[in-house]
Amino acid sequence: MDEILNVQNLCKTFKLSKKQQKLKNLKNPLLKAVDNVSFKSYEGEVFGLLGPNGAGKTTTMRMIATLINPDSGDATIDGFSIRTEPAYVRQNIGFLTNELKLDEYFTPNYLFDFFADLHGLSKNTAAQRKEELFTTFGIDNFAEVKVGSLSQGMRQKASLAISIVHDPNIIIFDEPTNGLDVITAKVVVDFLVSLKEQGKSIILSTHIFGLLENLCDRIGIIIDGKMVACDTVEKIVGEKTLEDVFFNIYRETTKEDI
Amino acid sequence: MNNMKRTTLSIMKKECRRIFTDRRLFFTTVILPGLMMFILYSIMGSFIANLFAVDEEHLFQVHVVNLPNSAAELFAPDELQLQIIPTNEADINEIIQRLADRQTDILIVFPSNFDAEVAAFDVATATTPAPNVQIWANTAHSTSHQARHIVTTILNDYHHALTHRFSINAPTEYTNEDDFDLATEADVFAMAIGIMIPMVFIIVIFSGSQAIVPESIAGEKERGTLGSMLVTPACRSGMALGKILGLGVFALLSALVSMLGIILSAPIMLGMSASNLFDFYSIADFVLLLLVSISTTLIAVSLLSVLSALAKSVKEANAFAMPLTFIIIVTGFVGLLLGGAPDEFFFYLIPVVNSALSITAVFSFDVNVVNVLITVATNIAISLIFAFVLAKIFNSEKIVFDK
Ligand SMILES: Nc1ncnc2c1ncn2[C@@H]1O[C@H](COP(=O)(O)OP(=O)(O)O)[C@@H](O)[C@H]1O
Ligand SMILES: [Mg+2]
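Protein chains in written order, with my numbering: chain A, 13 to 270; chain B, 1379 to 1781.
Treat each hint with caution, since some may be false.
As the list claims (entries may be wrong) - The following label-pair restraints were derived from C-beta to C-beta distances:
id, chain 1, residue 1, chain 2, residue 2, range
1, B, N1380, A, E251, 52 to 62 Å
2, A, H219, B, G1602, 16 to 26 Å
3, B, G1602, A, V157, 19 to 29 Å
4, A, M13, B, A1755, 33 to 43 Å
5, A, E116, B, F1711, 24 to 34 Å
6, A, Q164, B, L1642, 48 to 58 Å
7, B, A1755, A, Q140, 28 to 38 Å
8, B, N1380, A, E144, 34 to 44 Å
As the list claims (entries may be wrong) - Only part of the chain B face toward chain A is listed, based on derived beta-carbon distances under 10 Å:
id, residue
9, M1379
10, N1380
11, K1391
12, K1392
13, L1437
14, Q1439
15, D1479
16, R1480
17, R1543
18, L1604
19, G1605
20, M1607
21, K1693
22, E1694
23, F1704
Hints listed in this document are in silico derivations from the structure and should not be mistaken for laboratory results. The C-beta atom is built at its ideal place from N, Cα and C for all residues, glycine as well.
Let the hints inform the model, and build the full structure from the sequences given.
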């Protein structure tokens, strides 16, 4: 199997402001959000990141997506280093999270062209992609309606289509169903499944155990910035359920009773 | 390089589309301010007139050549506040120069033997020309303007009392009636407008920018749409440049419409016809103004962009821009404080101040093209530095992805 993502010893420490420090009730202003995280993911596989809130999933994914720089360590995507070749990395990944939004003033049609432009696609390629994706997602019906007037589900479809306008090989989803109503969440899950069927590589973070068990080939469990377990789903889950396994590991690492 | 050009264009187009297709935004930030400027400025005209009113204590300096005994008492009453300064014929030219330089108020020239000539003049036959009295003044100079009014009223009454046995400011072969007023119409216009234009002009540019820049940059950050763009391989410098140019096009338009409002209201408030404006100012003047406007707009937009990018929210961005507004208003007065546009080039290396001075210079017919070009070049260079800083900010995770 071809390795598509190789994460090596990524570290990221945030210097907290006084206010952030107070909010988190921390004495130390330095917060080690990602602590020496390594994992590999292979072509056509879905890699799931699991961890409680604040574990460092988003920070890890943002480093991989070149939105923030690691303090140390590196990751390569399709052989391109996030540190030294961020522009190539950006060409090869799609990044989707609910924190990144589409401008409400514009229509899906316009935004699709706009992002195609930012990705440097030719007019022809962009038109072809648009036709393809708009049909798949059923966006044609509302392609000329401003995003601000769209329902959550429609918006999500537009976001999904636009996040893969450049047909990336590897797609990173940070809690893609977080905060969505069930119908919209289903749109996202269906999309994930279809991407997997197309043989795309996916990195996914989510709280939803079922999704991880059904969809993922490999799972990494992050707690307090550290990768505490990382293997194929079968090896991690074994005879139990992912939920049980996760809470066992959580109790062991944090010594907390839950 | 290709990426940068493409990104700049896409972002610029998007910014323009955002603003030009939003009718409400367009109306409130382009049309409305222009309209307001026109109305406000027309009304303000009357206040300006008051501003130039002469203070009540002022003693008018009245130079009189050959004051006849018969007329002396006319100027005497204390309440007229006229200080009569007997003057020799030989000094007439010097006094006229001083009038032009606004150093004195008025000059009245009687013929040397006025009383005798009046007595000899036969109104019925009028075989010889009537003795003529000249009143020299500079109406662009407020006290001179007022003094002329007082003196003319007195002499007109006297003219009637003497049953038209003399004339006032009769044209001769050397002079015609208008020449006795040393103010040119352009002078009047420049005086009224030169004081306020640079300040209003700069405020208009900055307020136009402020209406859109925080919303576009801090707003995009706040709403998470900036992050969506940063995920793409789009060139960061191109993004910065595209933002600044796109917002700049609009801010410039907004400023120009406001300027148009001011310029169109100016002749109205001064009681002239609009076409006069083009008699005073050449196309070259307008081109210089446009260049100054463009470069000043770039400064305003790029500076506000940097401030907005540093802010966490639109609200914070607007708060950051507040102190700037005060600085800008103060800057607008620089021309006034310096008593016009100085000639030394180094004044034109200070951004925004240079714009105020250049505009003052153009409007007061005192323009030094080199200085205006220094202004434009300085402002563009500084805008580019801000664009560079903005690109750095777009690349800085601390600022874009801070919690
Ligand atoms: N920009 C930032 N500044 C300060 N602290 C941050 C920043 N981003 C994340 N953190 C902190 O780092 C930790 C990991 O956050 P995150 O990666 O978002 O966790 P997760 O996505 O697993 O919930 C959290 O404690 C979070 O508050
Ligand atoms: Mg997260």
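Verification of the hints:
A C-beta distance of roughly 56 Å is found between B:N1380 and A:E251, which places it inside the suggested range of 52 to 62 Å. In this structure the supplied range 16 to 26 Å holds for A:H219 paired with B:G1602, their Cβ-Cβ distance being about 21 Å. Roughly 20 Å separates the CB atoms of B:G1602 and A:V157, a value that falls within the hinted 19 to 29 Å. The beta-carbon spacing between A:M13 and B:A1755, approximately 60 Å, falls outside the hinted interval of 33 to 43 Å.
Distance hint for A:E116 and B:F1711: a CB-CB separation of about 41 Å, inconsistent with the stated range 24 to 34 Å. Between A:Q164 and B:L1642 the beta carbon distance is about 49 Å. The supplied range of 48 to 58 Å therefore holds. With their beta carbons about 46 Å apart, B:A1755 and A:Q140 fall outside the hinted range of 28 to 38 Å. Roughly 26 Å separates the CB atoms of B:N1380 and A:E144, a value that falls outside the hinted 34 to 44 Å.
About 12 Å separates the beta-carbon of B:M1379 from the nearest beta-carbon of chain A, more than 10 Å, and the hint is not met. The beta carbon of B:N1380 comes within 8 Å of a beta carbon in chain A, closer than 10 Å, and the hint placing it at the interface holds. Interface restraint check for B:K1391: the shortest CB-CB distance to chain A comes to about 8 Å, inside 10 Å, so the restraint holds. With its C-beta approaching chain A no nearer than about 6 Å, B:K1392 sits inside the 10 Å limit, and its interface hint holds.
The beta carbon of B:L1437 comes no nearer than 65 Å to any beta carbon in chain A, farther than 10 Å, and the hint placing it at the interface is violated. Checking B:Q1439 against chain A: minimum C-beta separation of about 65 Å lies over 10 Å; hint violated. Look at B:D1479: its Cβ only gets to about 58 Å from chain A, farther than 10 Å, so that hint breaks. Checking B:R1480 against chain A by beta carbon gives a least distance of about 55 Å; that is not within 10 Å, so the hint is violated.
Among the interface hints, the one on B:R1543 is violated; its C-beta lies about 80 Å from the nearest C-beta in chain A, farther than the 10 Å criterion. At its closest, the beta carbon of B:L1604 sits 9 Å from a beta carbon of chain A; the interface hint therefore holds under the 10 Å criterion. At its closest, the beta carbon of B:G1605 sits 4 Å from a beta carbon of chain A; the interface hint therefore holds under the 10 Å criterion. Interface hint at B:M1607: satisfied, since its Cβ lies 6 Å from the closest Cβ of chain A, which is below the 10 Å cut-off.
Annotation: interface hint on B:K1693 violated; nearest CB of chain A at approximately 17 Å, more than 10 Å. Using the Cβ-Cβ criterion of 10 Å, the hint placing B:E1694 at the interface with chain A is not satisfied: the shortest such distance is roughly 14 Å. Residue-level restraint check for B:F1704 is violated (minimum Cβ-Cβ distance to chain A is 28 Å; threshold 10 Å).
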